Amino acid sequence: MSTTLFSSLSKSSKERLIKDLKGFYIPYRNNLDIPSDATFGCEIEFNMPGYDYQYIQKLYKQGYNNPAKEFLISIGYPKIWHVDKELPYQFEIISDVLCDEVKTWAELESVLKFYLEHGAYTTMDSGAHVHVGKQLLKKNPDYWCTFLKLWSIFEEEIISFSNGEEYYERFVFHDYSDYSKEQLKDVIHNIEIKNYNKKITLLNDKIYSINFSPKDKTINDLFSSKSNFKDFNVDSTIEIRCPNGTLNKIIWQNNINFFVKMILSCSNDGQKKELIDYLYKKLVLDKDSYNNEKVLILCDIVFNNDLDKFCFLRQYYKDFNKPKEQDPSIKSKRFWK
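So the sequence shown is numbered by the working numbering: it starts at 1 and just counts up by one.
Wrong hints could be hidden among the right ones.
[Claimed, not checked] Computed cross-link-like contacts, DSS-like style, restricted to lysine-lysine with a CA-CA straight-line distance of at most 25 Å:
| # | residue 1 | residue 2 |
| --- | --- | --- |
| 1 | Lys337 | Lys22 |
| 2 | Lys58 | Lys79 |
| 3 | Lys85 | Lys113 |
| 4 | Lys103 | Lys113 |
| 5 | Lys282 | Lys294 |
[Said to hold, decoys possible] Ranges between beta-carbon positions, derived for each pair:
| # | residue 1 | residue 2 | range |
| --- | --- | --- | --- |
| 6 | Lys294 | Lys61 | 50 to 56 Å |
| 7 | Asp96 | Asn30 | 14 to 20 Å |
| 8 | Ser289 | Pro49 | 46 to 52 Å |
| 9 | Asn195 | Leu21 | 42 to 48 Å |
Since the hints were made in silico from the structure, they are not lab data. All of these numbers come straight from a predicted model, not from anything done at the bench. Cβ atoms here follow ideal geometry from the backbone N, Cα and C, with glycine treated the same way.
Let the hints inform the model, and build the full structure from the sequences given.
Structure representation (structure tokens):
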């Protein structure tokens, strides 16, 4: 599919783009054209009828240390991926290390279908965390700096996109996945002055929108992986914590596609780096306003084809009817196939 610079369109062409987007519905794909060395994973949080305080206490008294797993086994869980408990009465399904292949998308679809058929549901406490392998930034401080600047510039747009079917962040957003732009300034500054041994708590704080799980809690941990990235080890990943919980396979795939390609985009184009450096100084450090649609610039930086851009923008704009009331429970009308 061809590539259009959306941010450079004329006013009338942008109006036509919005019209086209309103008639576009995001598909579920067998392949996302992600490089074979790019790895990612999912943490799917949800609730199920019958999994409550009484059930959990009963299982603990019987000697089981993972009531969540036992509950799923009792309803015929197909033993795809790993099961754990999250918060008092939530499940957390932790995927294997995945890559872009037909098997991955078939497994994701099968897992979500099983739970939905057994009454699974998300709440405003549920998250949908995406892990992306650190190796995509090639242990390069410049690539890491570009990524952190890109996140800082567009954090509001990224989070609006990752809200998925809802327009607003979930109730516990500020407790478990809060905005990290201000905290990232210090990280970026220390990378730029090559102060890699600086210890920064943000890097291991699961209260921000992104997390890196370093062992030593130093900036240098960003540039080194202490295990094979194909091992089941979160230390080898960048954890994206901001997405709202969902059991929608298309939202899951669209989230993964964006986050992986966003990180990939930070290591392959010098002109993009110049633009990101300029926007970071103007919008984050100097705190200037920006009149144009920032989200279109983000699209042009991250994606190299119009299909990906349409999928991203459709989820960002949802049904084009954002409510003024900031109620996290309000869902958009359907914008996927």
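Quick rundown of the hints versus the structure:
Distance hint between Lys337 and Lys22 is fulfilled; the C-alpha atoms sit about 13 Å from each other, no more than 25 Å. With a C-alpha separation of about 23 Å, the suggested pair Lys58 and Lys79 falls inside the 25 Å cut-off, and the hint holds. The hinted pair formed by Lys85 and Lys113 meets the criterion: a straight-line CA distance of about 20 Å does not exceed 25 Å. Distance hint between Lys103 and Lys113 is fulfilled; the C-alpha atoms sit about 15 Å from each other, no more than 25 Å.
About 13 Å separates the Cα atoms of Lys282 and Lys294, which keeps this hinted pair within 25 Å; it holds. A hinted range of 50 to 56 Å for the beta carbons of Lys294 and Lys61 is consistent with their spacing of about 54 Å. For Asp96 paired with Asn30, a C-beta distance near 18 Å keeps the hint of 14 to 20 Å intact. Judged by the Cβ atoms, the range 46 to 52 Å given for Ser289 and Pro49 holds: they are separated by roughly 48 Å.
As the Cβ distance of Asn195 to Leu21 is approximately 44 Å, the hint placing it in 42 to 48 Å holds.
Checked against the numbered hints given earlier, the structure satisfies every one of them.
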